[in-house]
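Residue numbers (the UniProt record's numbering), protein chains in the order written: chain C, 1 to 236; chain L, 1 to 236; chain D, 1 to 236; chain V, 1 to 236.
In case anyone wonders, no lab produced these hints; they're calculated from the structure.
All C-beta atoms, glycine included, are put in the ideal place defined by N, C-alpha and C.
A hint or two may mislead.
[What the hints assert, rightly or not] Chain L is nowhere near these chain D residues, computed Cβ spacing over 12 Å in every case:
hint, residue
1, Trp34
2, Ser54
3, Ala62
4, Thr198
[Said to hold, decoys possible] Quick look at which bits of chain D chain L covers, simulated, 3 or more residues with Cβ under 8 Å:
hint, stretch
5, 124–135
6, 185–192
7, 201–215
Number of protein chains: 4
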Amino acid sequence: MSTFGPQIEVAIARVRADIALLHGELVRNALVVWTGGNVSGRVPGADLFVIKPSGVDYADLAPENMILCDLDGQVILGTPGSDRSPSSDTAAHAYVYRHMPDVGGVVHTHSTYATAWAARSEAIPCVITAMADEFGGPVPVGPFAIIGDDSIGRGIVETLTGHRSRAVLMANHGPFTIGKDARDAVKAAVMVEDVARTVHLARTGGPLVAIPQSAVDSLFDRYQNVYGQAPQGELQ
Amino acid sequence: MSTFGPQIEVAIARVRADIALLHGELVRNALVVWTGGNVSGRVPGADLFVIKPSGVDYADLAPENMILCDLDGQVILGTPGSDRSPSSDTAAHAYVYRHMPDVGGVVHTHSTYATAWAARSEAIPCVITAMADEFGGPVPVGPFAIIGDDSIGRGIVETLTGHRSRAVLMANHGPFTIGKDARDAVKAAVMVEDVARTVHLARTGGPLVAIPQSAVDSLFDRYQNVYGQAPQGELQ
Amino acid sequence: MSTFGPQIEVAIARVRADIALLHGELVRNALVVWTGGNVSGRVPGADLFVIKPSGVDYADLAPENMILCDLDGQVILGTPGSDRSPSSDTAAHAYVYRHMPDVGGVVHTHSTYATAWAARSEAIPCVITAMADEFGGPVPVGPFAIIGDDSIGRGIVETLTGHRSRAVLMANHGPFTIGKDARDAVKAAVMVEDVARTVHLARTGGPLVAIPQSAVDSLFDRYQNVYGQAPQGELQ
Amino acid sequence: MSTFGPQIEVAIARVRADIALLHGELVRNALVVWTGGNVSGRVPGADLFVIKPSGVDYADLAPENMILCDLDGQVILGTPGSDRSPSSDTAAHAYVYRHMPDVGGVVHTHSTYATAWAARSEAIPCVITAMADEFGGPVPVGPFAIIGDDSIGRGIVETLTGHRSRAVLMANHGPFTIGKDARDAVKAAVMVEDVARTVHLARTGGPLVAIPQSAVDSLFDRYQNVYGQAPQGELQ
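For reference, chain C alone in the conformation it holds in the complex:
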């Protein structure tokens, strides 16, 4: 029955449980409506990842409904949930895992304020220290790309490779975020909406004041290395 050996099966079970729970954070943080949005997580030690099924209620997202895929985005037949279709964004997640080996989690939402910046193809300028902490500068815009081939995944990878930001605003579409694991990518999804909202509102009230680049650098460096109870290594 099991095809991956006991150690990998344990890892798969853990990622299934994490991914199911983390979708709850999208709801709690009001990043999604209806069945929109998706979280995926790489299975440590295997060329596999776990992702949400397509168009399913958030109330039905139990671990056994999550779908196991290989890095080409193909569903692993005979595993729990494999009778369902995976998220329609599965190809984009798979592309990221194939091309960014340090990425352990990917999140996509249409969260309101981040998507509003995306509808203008405009990067979010770095004018608050929380943004310097979390993203190390502006949150960049990715190309316009539609579902159906690798263009979304390629747009994410080309924009974020070598960039401090773990978030990209795909033009006319919405944010994709990456992280060292799924929880870290969810955090980035929460934070990109938070800074998108704050900077949007700040600018509707008048001219923004820039943060000096040296301060941005210093804040990013400290936050990545000192904040929290354990080091939260930057994805390079």
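Got chain C sorted already, so can you dock chains L, D and V onto it with the hints?
Here is chains L, D and V on its own, set in the frame of chain C:
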């Protein structure tokens, strides 16, 4: 006692339960305040629909309080709930069911952002892919019409017949949405508020970038035929 | 012990329970923060009203903590809750009850959007049908008045006497609403925030389209006489 | 085991419980996302304060996880929670306690609207009576300062010493608030976001109307001395 035969009675009971539950989605998605808003659903196989009573608390919306009407909007006497007045928008719902045979559900709200566009008699431009997916282009505006005759129902039907959108912004009033069943119409009500909000906010920040028409067409086609666990056929 | 006779004591107990519960609606509808806002209700058949204590947590608003006052705003000594100070807006509520005999409930909040219009001393124009239904036209602005004498109460009474609206935006302060009973005044507080928000957002997106006066009149007339399960008579 | 004597240990236990609970108010009032924000409270009768650990989930904030520090911001070793790192803003809190002996609580958040004013380095003008009540005039802006030395604490103290406001908007960063105890500082954090939001929205709709200075003074005086069930003395 029963006037419709056992098969129709089962169908009525199912629609009553659905309609009662679906009003909860209006609350959860913050589309309504106080007793505003209403959902109705056609009874499959009969010239009947079920709708919410007028001006009743959302906490009191049990299945037996829902009201059964014929397609002229007349309450079916002697059925549960028939001692109450149906929603004051019942005539508009009835008009839609009479003139759009493929419509199985109708929703009306005064959700904030959709109503804000309606107060300007302005269609929502299609600048985000979620909107192309769901509505296939702009969300149109319907005529100004007040309660008291068929003018609201006629405005909805004239605007949406032959249109990809399942949502219409009735001028100075608010959104009405249709769907293949009540749940599909509720989804459209949730999504029209979501895109109304995102596009409003996007435009307050600067010029919007349009999506090429060919991409809008391709997104709409894919979403209607591929997304989700079962085909979500476009109306008509 | 009881000073008002059994019939009035029953009425007092009912109003205490209503007022305690209705404060929950202010919280559920996000009209208040911390200990702000207050609801009062006239005791039918007596020159008395019940109001919230000053600066007390919303979680502590049990019926026995509500405070019974005469129409001069004086606490009735020896009754439950009379060891506490009543709301600092008690004098304004009392003034309204003294001068508007048909008013059975008064509500005051600093709800965000209504207060934003008040900070500009600007009436809310009637551009959505829900507003014509509920308020019969624009929501008016009252004078700037500060706590310490009868000027707030007088401003409310002078603005709302003979006016269709049950809500007034006191300049630089916030909304006060009246109703045939406390629940009706709470509904007006919910609705004035809802229309304040929708019309604010509508106008930030471009020019508003007016509703013809004849349609406003017709909507107001219908809503006051037809909507709901029982007639919701206009004040006076 | 205990190093402070029974009376101080009781005081520490009470402050631990308060601080753990008060973090819940930050969540309930939507002032924080993810693990952001922090509350601290001075231990009465000792040169100690209690603060939140760094980067820990709001769901994990039990009293025994709170961290006890001296007024230099050093963790008191061997006490509960001392195996964790305290909030990365601990040095700023400590600086305030050292230099403002009447301050019993400090709160820091990145609440949306207050941070939006901070991103423009703009004080919030006093145009609503709730703001005159609570802050006695405009909410001031503090200098741009980054974490790593005493510059944040010094900016808070220099801005708020001798000022009526218990809130300061640190430039490009967010609000810090002080109070006679932790609960009072949390109230100030709730109220500064509320007035930041209301005044922001008011101004996007058109010109604001100022409150006469004499009225501001009179409102502030009354609120500090009369409102509520017990005097809420102004700091210093």
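Okay, the hints, checked on the actual structure:
For Trp34 of chain D, the condition that its CB be more than 12 Å from all CB atoms of chain L holds, with the nearest at approximately 22 Å. No beta-carbon of chain L is positioned within 12 Å of the beta-carbon of Ser54 of chain D; the least distance is around 27 Å. No Cβ of chain L comes within 12 Å of the Cβ of Ala62 of chain D; the nearest lies about 21 Å off, and the non-interface call holds. Listed as outside the interface, Thr198 of chain D is inconsistent with that label: its C-beta sits roughly 5 Å from the nearest C-beta of chain L, within the 12 Å cut-off.
Coverage of the stretch 124–135 of chain D by chain L holds [criterion: at least 3 residues with CB-CB distance below 8 Å; count 4]. With a threshold of 8 Å between beta carbons, the proposed coverage of the stretch 185–192 of chain D by chain L holds, since 3 of its residues qualify and at least three are required. Under a criterion of three residues with beta carbons nearer than 8 Å to beta carbons of chain L, the stated coverage of the stretch 201–215 of chain D is upheld, 10 such residues being counted.
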